[in-house]
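Peer 1: Protein chains in written order, with the numbering used here: chain A, 1 to 435; chain B, 1001 to 1240.
By construction, these hints were calculated from the structure, which means they are not laboratory data.
Derived Cβ-Cβ restraints for the label pairs, each shown as a range:
1) B:1230 with A:240: 39 to 49 Å
2) A:101 with B:1239: 36 to 46 Å
3) B:1040 with A:242: 35 to 45 Å
Computed list of lysine-lysine pairs in DSS-like fashion (alpha-carbon distance at most 30 Å, straight line):
4) B:1030 with A:325
5) A:255 with A:325
6) A:325 with A:315
7) B:1069 with A:315
8) A:255 with A:76
9) A:315 with A:427
10) A:123 with A:76
11) A:315 with A:123
12) A:315 with A:255
13) B:1030 with A:315
14) B:1168 with A:315
15) A:427 with A:255
C-beta atoms are modelled at their ideal positions from N, C-alpha and C, and glycine is treated no differently.
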Amino acid sequence: MRHLFATVAGKAVKAVARLRGGGSALPGLVAERIDPQFLPRTLGNLPRGVVVISGTNGKTTTTKMVVELLQGQGLKVFTNRTGSNFTRGVVAAVLGDSDVRGRLDADIAVLELDEAHAVHFVKLVRPRYSLLLNVMRDQLDRFGEIETTAGFLRQIAAATTDAVVLNREDPRILALANAVTAPRIEYFGLAPQLRHMFPHDDEMRNAVAAEVPGATPGLEGGQPEGPRADVVLTACEGSAATFQADGHPIEVELKLTGVYNVFNAAAALVLARTVLGPAVDEPALLASLQNVTPAFGRGESLTVNGQPLDLVLVKNPAGFRLALKSFPAAGSRTMIAINDNYADGRDMSWLWDVDFDSLRETGVAEVSGVRAQDMGLRLFYEDVPVGRVDTDLNASLHRFIADDPDSPKRIYCTYTAMLALRRELGKLTEVEVVS
Amino acid sequence: MDAPVIDLLQLYPRDMNIYGDWGNVLVLRKRLALRGYDVRLHEYNPGDTFPEQVDLVVGGGGQDSGQNKIQADLLAQGGRLRELADDGLPMLAVCGLYQLFGHRFTTHTGEVITGIGLLDAETVGGPTRLIGNTVLDSDEFGTVIGYENHSGLTTLGVEVQPFGRVTKGDGNNGTDGTEGARYRNVIATYLHGSLLPKNPAVADYLIRHAAERRYGSFNDVALDIPHEAEARTDAAARPR
Chain A
1 MRHLFATVAG
11 KAVKAVARLR
21 GGGSALPGLV
31 AERIDPQFLP
41 RTLGNLPRGV
51 VVISGTNGKT
61 TTTKMVVELL
71 QGQGLKVFTN
81 RTGSNFTRGV
91 VAAVLGDSDV
101 RGRLDADIAV
111 LELDEAHAVH
121 FVKLVRPRYS
131 LLLNVMRDQL
141 DRFGEIETTA
151 GFLRQIAAAT
161 TDAVVLNRED
171 PRILALANAV
181 TAPRIEYFGL
191 APQLRHMFPH
201 DDEMRNAVAA
211 EVPGATPGLE
221 GGQPEGPRAD
231 VVLTACEGSA
241 ATFQADGHPI
251 EVELKLTGVY
261 NVFNAAAALV
271 LARTVLGPAV
281 DEPALLASLQ
291 NVTPAFGRGE
301 SLTVNGQPLD
311 LVLVKNPAGF
321 RLALKSFPAA
331 GSRTMIAIND
341 NYADGRDMSW
351 LWDVDFDSLR
361 ETGVAEVSGV
371 RAQDMGLRLF
381 YEDVPVGRVD
391 TDLNASLHRF
401 IADDPDSPKR
411 IYCTYTAMLA
421 LRRELGKLTE
431 VEVVS
Chain B
1001 MDAPVIDLLQ
1011 LYPRDMNIYG
1021 DWGNVLVLRK
1031 RLALRGYDVR
1041 LHEYNPGDTF
1051 PEQVDLVVGG
1061 GGQDSGQNKI
1071 QADLLAQGGR
1081 LRELADDGLP
1091 MLAVCGLYQL
1101 FGHRFTTHTG
1111 EVITGIGLLD
1121 AETVGGPTRL
1131 IGNTVLDSDE
1141 FGTVIGYENH
1151 SGLTTLGVEV
1161 QPFGRVTKGD
1171 GNNGTDGTEG
1181 ARYRNVIATY
1191 LHGSLLPKNP
1201 AVADYLIRHA
1211 AERRYGSFND
1221 VALDIPHEAE
1231 ARTDAAARPR
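Whenever a hint applies, use it, and build me the whole structure from the sequences.
Peer 2: Now the structure itself:
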């Protein structure tokens, strides 16, 4: 009865919140307060259990890939699509998809969870599978230290009952293997020749090491191969990728660009193969993979004036560096928008750990966002030419488009800047509404 | 004639470089170059040979794990670093290195990590992290702007002066209003952000003393760095 009441109350709040515009976590809060057993009951009874995906970078895109891979195998998948990756956001998503009795019509739940909130979540619902992507310096003003974040992921690994999928190339993720209590661990990995594309966080900014290949422990040389990976990314050129899956080469043409997105595809493949087991329909799996489009704001491509405009979310130094390596600057007009609201992280230090030298040749046409001046100063010290620095995001965006309407464009933006830009871009072009 | 050289040593960049401390190196290098100095950048990691010629030392913060990795090596180099500091070598020690430049750091579990005692200061682990935008008032440098993120609470002894007094933020310990420490030409602070890009007066102090100590004079050219003043204003106005 309490459950029914919680569901109905939550749904009512959700309807009101929708009318007021936004607020995806509030209805979850209401249902959670009324019935703490809400999540264990709704998610705990799914026939194929719950999958948790966490880590610093790539959660949203990887979750989207896993969902689409599993749907392509005929599974009914529940997910927290709104990007509200806190426990309350999950409750809200369950409320949206369940009937009044709180029953979910799904075979499996695939949930993207923020590291800190995942710890709370796995105490309520033990996941059958988890996928842990990476630990990078991110939002240190919230979590304090990278070891704290690694500790959160350790608890997720320990709480998982059937299988844990780990990134072989991230030493902090690899080290979680000894916390796993589930009978099975699978890995995704990179071929040695690709590892330089993913410098580990510990050698974030180390000029000498960066110039001397092999000087960095944990990268080329110095480190043994590690455990066998179920799927290894062996080549990546634009959107063309080659994987080795269980020893067999797979060549695919993806709708995702950016080597980090493609590496996440390896993670998604391992997870999907682990969940499906021998029943996997390989051709269907690859067909699904080739059709996955980026999650909103994560390398999302819009069309403005008949020209592509890519939004690339950047939220920490590793992600920003990977994004700059993934997308060549030549041929596109570049804008950078940096906000420092709570969701972005207030500390601007991270901008100093990103190398911007790849932008030196083309320059940056517009620098915007609340901390545009910090970004402008950063680019000055990297000798990157800057067109205009303006904290007014909308003014920058319109100038960015109008000053050179006939060129492809790319905007690197922090989370809240991305939300604001999408809103403004919605007036100019078709932008998918994500409720 | 060849340009005069300044040897800049980055201490423990591999283990103590969190929070954009690389920005401090970039700024020192650029501001020296703009005044006609060639900068030779040395990196010193545990076990390396300490370079013979050093004019300026910078070192940053680290995770607890990073601090453990460098501690023994730092103790071994402590005598040399103390001598250099006493001799007037300019140094910038941020966050974790600031703590280890003091006498000791007693963690919240009671473990004592011995520092090199270059600074008359000591640190105890606090119950929470002191985090956020920070603004100082400094007699020497005017308004100093940065970002703090530390759980250690530092108390200064009589041999050192504070770097500044907090007008926004917690500073050394959240109670006595002080932030950082000053000893001869050493500046130690919890502030990153990075510190030097938005605090050119501090950068130029370090550069001036490095040049004067080595060459007896400093080519003091005023620099006009775009976005510098605006970035200071914007940062100072942001919420904690």
